[in-house]
Amino acid sequence: MYSEMMIKPMREEVTRLGVVELRSVADVDAALGDLQGTALVFVNSVCGCAAGMARPALAQALRHSRLPEQLFSVFAGQDLDATARARSYFGEYQPSSPSVALLKDGEVVAFIHRHQIEGRHPEQIAAQLTAAFDAYCA
Amino acid sequence: MSGHVFHPGHDELHGVTVVVTGASGKTYLGRWHERGERGLVMHDVAIHDPDRNDVTRDQWLERQWKFGVAATERFLIVPSDEARSVRRFSL
Numbered sequence: 013m014y015s016e017m018m019i020k021p022m023r024e025e026v027t028r029l030g031v032v033e034l035r036s037v038a039d040v041d042a043a044l045g046d047l048q049g050t051a052l053v054f055v056n057s058v059c060g061c062a063a064g065m066a067r068p069a070l071a072q073a074l075r076h077s078r079l080p081e082q083l084f085s086v087f088a089g090q091d092l093d094a095t096a097r098a099r100s101y102f103g104e105y106q107p108s109s110p111s112v113a114l115l116k117d118g119e120v121v122a123f124i125h126r127h128q129i130e131g132r133h134p135e136q137i138a139a140q141l142t143a144a145f146d147a148y149c150a
Numbered sequence: 116m117s118g119h120v121f122h123p124g125h126d127e128l129h130g131v132t133v134v135v136t137g138a139s140g141k142t143y144l145g146r147w148h149e150r151g152e153r154g155l156v157m158h159d160v161a162i163h164d165p166d167r168n169d170v171t172r173d174q175w176l177e178r179q180w181k182f183g184v185a186a187t188e189r190f191l192i193v194p195s196d197e198a199r200s201v202r203r204f205s206l
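So the sequences go chain by chain: A and B.
Under this note's numbering, the first residue of the first sequence is numbered 13, with each subsequent residue one higher.
Under this note's numbering, the first residue of the second sequence is numbered 116, with each subsequent residue one higher.
By construction, these hints were calculated from the structure, which means they are not laboratory data.
All C-beta atoms, glycine included, are put in the ideal place defined by N, C-alpha and C.
What the simulated footprint calls covered on chain A by chain B, stretch by stretch (three residues with Cβ under 8 Å from a Cβ of chain B suffice, anywhere in the stretch; the number is not a length):
#1 105–112
#2 126–136
With a Cα cut of at most 20 Å, we get these calculated SDA-like pairs of lysine to any residue:
#3 Lys181(B) / Pro107(A)
#4 Lys181(B) / Ala143(A)
#5 Lys116(A) / Lys181(B)
#6 Lys181(B) / Ser100(A)
#7 Lys141(B) / Arg172(B)
Only chain B is shown next, with the shape it has when bound in the complex (with noise of 0.2 Å):
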């Protein structure tokens, strides 16, 4: 559905599932709201940390994908440097 936009009214990833890869290693997973001039807005994200995980990113992922988002953050804005790069969910 490329050019879809999901809720009109907003850009073209409200509401959407995002993986959002950050510049720190850690991996943002949560619905997107919105990019703010603080950074990226996110509402239910689960967040992968290579540091502290005992799994690697792809099978954190996987395993999100399977069992679903494990939400630790209701509300998160990742800051626009941290941000590097914003994918939609999928495997």
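If we strip away everything but chain A, and leave its shape as in the complex, we get (with noise of 0.2 Å):
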């Protein structure tokens, strides 16, 4: 766990931008427990490179014509239970962070995993969500 002032910042990196933070196991339950439609889970993380990079990218990827009707993250390593809560509903999706999962209907249709995040500017990792909105999202 970490100091709450110390990610403070981060976690406003991310609502800044209309992203809702699930802090509870029932805050993510009322978001994704009967979930309609597209949503994109954004799980934040302190790693100051990988997250250092994907929070931009999001923030990028949301400027974008198409965009999923709604708007969630967790911060894992801080919010365990809801972050642990979170994954329950990514199926067979590894555990990972940060990392970025789109669903629609209740299913994970894509899935950007840290791996895929470690060493990417924003831009690239921004391209990778908008191909996922316009392929899932009206």
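The task is to assemble the complex, starting from two chains supplied on their own in separate frames and drawing on the hints.
The structure is reproduced here in structure tokens:
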């Protein structure tokens, strides 16, 4: 667990994009429990390098013309129960942080793992996200 | 991002998911921590053993790429004489 003061800017970097942060199991179940339509779940992380690329990538991707109907995040390593619960909705996709899941009607239709973020520029990660938005979002 | 140090203060591969090919035929997939005196130190490692897995190494790597690293070891040291080659995880 990390100091809240330290991670507050990392939370805000995501929430100021209009992403709703899920802090508890109840929050996650309310958001994902009976999901209709499309939703993005950003698994935030303190990793200054991978997450330091993933957050700007998310910001870029959310300027795209097609977007998921709902935007959520959980914070791995900090909000442990909420993160574990969110991962329970990711089916056979393994835990990874940072990572991004795109769900449609409760099923994961696209997933970007940490290993697909490492060493890549935000523009490259954003392009992968927007390709998924084009494929699955109205 | 050639030459980019992922985690400043550490070597270039620190924190990066790598594929280590073992002299034994096993493949180790996980996050590189460092190269120590006893070998390669890794975190959250999945292992392909051709004698035990029912899919080929390439099929296994493709699955790990898509669905994520199915780690069975939180921490692992791959002995130096076992680690034949190391590369970043990509397909």
